[in-house]
Amino acid sequence: MKSIRGHTQAGSLACIGIGITLGSHLTPLARSHIEQADVVFLAASDGIVEKWIESLHTDVRSLQPFYAANKSRNKTYREMVNAILAQVRAGQKVCAAFYGHPGVFAWAPHEAIRIARKEGYAAHMEPGISAEDCLYADLGIDPGTFGCQHYEAGQLLFYKRRIDPSAYLVLWQVGALGDQGRGAAHSATHLAYRKILIERLARDYPRTHKITIYRAATLPIHAPRIERIALRRLADADIEGADTLVIPPARKLEPDIRALGRLARLEQASA
Amino acid sequence: MIVTPRLRLRALALRDMALFRALYCDPGTMRHIGKPLSRAVAVASLRATVAATRKPAGLRFFVIAECQSRRGVGLCSLRPAAWDKRGIELGIMLVHTARRHGYAREAFAALINYAFRALPIDTIWVQYRRANAGMARLCDILGFEGNFLPRSGTSVRRCVRIRRDRNGAVFSNQPTRGITMSNIIGFLEQAGSNAAMRHASREALLRTMQDKEIENVLRQPHRSLLDDLTGARETMYCKNTAIAPPKQKAPAKKKPAKKTPAKKPAKKAPAKRKR
Ligand SMILES: C[S@@+](CC[C@H](N)C(=O)[O-])C[C@H]1O[C@@H](n2cnc3c(N)ncnc32)[C@H](O)[C@@H]1O
Chain U
1 MKSIRGHTQA GSLACIGIGI TLGSHLTPLA RSHIEQADVV FLAASDGIVE
51 KWIESLHTDV RSLQPFYAAN KSRNKTYREM VNAILAQVRA GQKVCAAFYG
101 HPGVFAWAPH EAIRIARKEG YAAHMEPGIS AEDCLYADLG IDPGTFGCQH
151 YEAGQLLFYK RRIDPSAYLV LWQVGALGDQ GRGAAHSATH LAYRKILIER
201 LARDYPRTHK ITIYRAATLP IHAPRIERIA LRRLADADIE GADTLVIPPA
251 RKLEPDIRAL GRLARLEQAS A
Chain C
1 MIVTPRLRLR ALALRDMALF RALYCDPGTM RHIGKPLSRA VAVASLRATV
51 AATRKPAGLR FFVIAECQSR RGVGLCSLRP AAWDKRGIEL GIMLVHTARR
101 HGYAREAFAA LINYAFRALP IDTIWVQYRR ANAGMARLCD ILGFEGNFLP
151 RSGTSVRRCV RIRRDRNGAV FSNQPTRGIT MSNIIGFLEQ AGSNAAMRHA
201 SREALLRTMQ DKEIENVLRQ PHRSLLDDLT GARETMYCKN TAIAPPKQKA
251 PAKKKPAKKT PAKKPAKKAP AKRKR
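Read top to bottom, the protein sequences are chains U and C.
Start counting the first sequence at 1; every next residue gets the next number (the numbering used here).
Start counting the second sequence at 1; every next residue gets the next number (the numbering used here).
Do not rely on the hints blindly, as some may be mistaken.
[Claimed, not checked] Okay, the calculated beta carbon distance ranges per label pair: (1) C:Gln248 - U:Glu240: 27 to 35 Å; (2) C:Met30 - U:Thr8: 47 to 55 Å; (3) U:Ile257 - C:Gln248: 39 to 47 Å; (4) C:Asn147 - U:Ser72: 32 to 40 Å; (5) U:Asp38 - C:Glu234: 25 to 33 Å; (6) C:Asn113 - U:Glu240: 38 to 46 Å; (7) C:Ala11 - U:Ala86: 39 to 47 Å; (8) U:Glu35 - C:Glu203: 32 to 40 Å; (9) C:Ala44 - U:Thr27: 48 to 56 Å; (10) U:Glu119 - C:Ala11: 47 to 55 Å; (11) C:Asn194 - U:Ala86: 37 to 45 Å; (12) U:Gln36 - C:Asn194: 22 to 30 Å.
In case anyone wonders, no lab produced these hints; they're calculated from the structure.
Cβ atoms here follow ideal geometry from the backbone N, Cα and C, with glycine treated the same way.
Just need the whole structure built from these sequences, with the hints factored in.
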């Protein structure tokens with residue numbers, strides 16, 4: 001109730017997730033947000049999913065027209081936020097629906113909520129089933145078994161990150177490498193980035209290490225993509241925008257002898 | 001006047017009292033519309049309706065007459081949609097003996113064509129009671145889509161729409177091989193939300209789709225047919241976040257090392273992130 005109390009303006013914003021698979025993942029609450037909104041904005045990753053959501057409300061406005069081949073992505077995202085906020089400021093009950101989870105590797109929903117709240121409007125996020133959730137189910141991975149790291153693929157190249165090769169590593173947006181903020185990357189640039197990614201990963205993993213290209217099904221009549229390749233083959237692989245890379249652990253968990261010793265002493269003392 | 005192979009649609013007039021009564025006073029015809037009118041109320045109602053169609057508000061009532069016999073067999077209406085500035089709402093009723101001849105489809109298709117051609121609108125709406133299976137079938141065949149609650153809102157009514165297509169082309173009364181977008185989306189929604197169907201074998205899915213005459217959709221190795229039939233957008237962007245590389249500093253000029261006590265390293269402003 002916190003976000004509902006205390007707001008000073010008439011408009012409101014709910015950023016909701018619609019999940020990945022058509023028909024399977026829309027929560028009753030998310031559906032109700034769509035049905036009860038005055039205006040629905042929609043960022044889906046599948047044209048048919050877009051059609052489906054359009055059938056649930058009379059005023060669904062796709063955010064797809066904001067993208068353009070050679071347009072800066074930053075501009076695209078900012079325009080999306082502005083379009084959403086313009087309706088909130090006009091006093092409308094706005095629902096912004098994003099595929100997957102609206103807060104997972106998605107800038108616009110967080111930003112729209114931040115600004116709306118700052119301006120005194122009620123704004124909140126409703127979780128959805130993310131590609132990450134589908135991945136655990138389809139690949140039979142429990143992030144608790146060895147731990148699980150998630151990185152945006154580009155960020156792994158730009159910054160010094162410490163990868164723990166005894167845990168899972170999930171890389172997002174590998175298909176968009178080389179497209180930071182400038183719009184679509186040339187295929188040559190993209191390939192060059194991918195080669196650098198292989199180099200980066202090869203610092204922590206053998207080049208023969210088997211990695212998985214994963215894509216959850218967006219239509220319920222399709223199967224997920226689960227393709228295993230050796231790390232060194234990554235440059236040749238056909239990877240699209242909706243693919244996620246999953247790298248299983250390459251090393252065994254290493255016991256922390258010192259901590260174990262301290263714990264053993266603790267046990268003895270309390271025995 | 002709108003003319004189709006078998007029908008003429010002409011403006012409703014006061015001389016149409018017999019037809020008006022045959023429709024509005026008949027409990028069978030009014031089953032999905034409202035309470036039947038008494039004969040006296042029907043007289044007043046026809047007068048009021050004809051008067052209203054002469055005002056500029058945009059309400060139109062047409063008599064549906066058979067070309068050959070000239071007999072009036074029903075009425076259809078076209079009114080501005082209260083909730084949509086660029087939308088109109090259609091209605092239709094036929095006398096009992098004129099049903100099951102495909103007249104409703106013929107009249108509606110002609111009216112849709114007329115409306116998109118002649119009026120400044122983008123969307124045509126139909127509202128009907130959910131129990132009205134005939135109307136549901138008609139709208140589906142004509143390519144109406146959606147499952148909206150009417151704004152005035154009771155859930156016993158359903159609201160569907162058809163939109164002027166992307167190229168501004170006029171609606172064509174030829175759903176592709178009987179497959180309509182709403183039955184594909186409906187099927188997919190069912191396949192996604194029904195546990196037995198979600199992980200059914202390809203064969204089982206094909207059988208279900210055959211029943212619905214949409215099995216071609218699954219037979220295609222690529223998505224193109226599915227996209228064509230539903231009118232889905234071809235290119236979909238899915239990136240919602242862009243991480244910019246850190247701003248490269250110009251190489252620092254060498255300064256003589258100051259002998260100040262070591263400070264905690266200053267926090268760098270984080271690079272702008274776009275996701
Ligand atoms: C901008 S992020 C959005 C993620 C989304 N918010 C979610 O919760 O799943 C886009 C990235 O998500 C991943 N992704 C999107 N759709 C996917 C799918 N169907 N299967 C697997 N990963 C997917 C890919 O790594 C893609 O580059």
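Practice item. Kindly indicate which numbered hints from before are broken by the structure, ordering the numbers from low to high. Key: none
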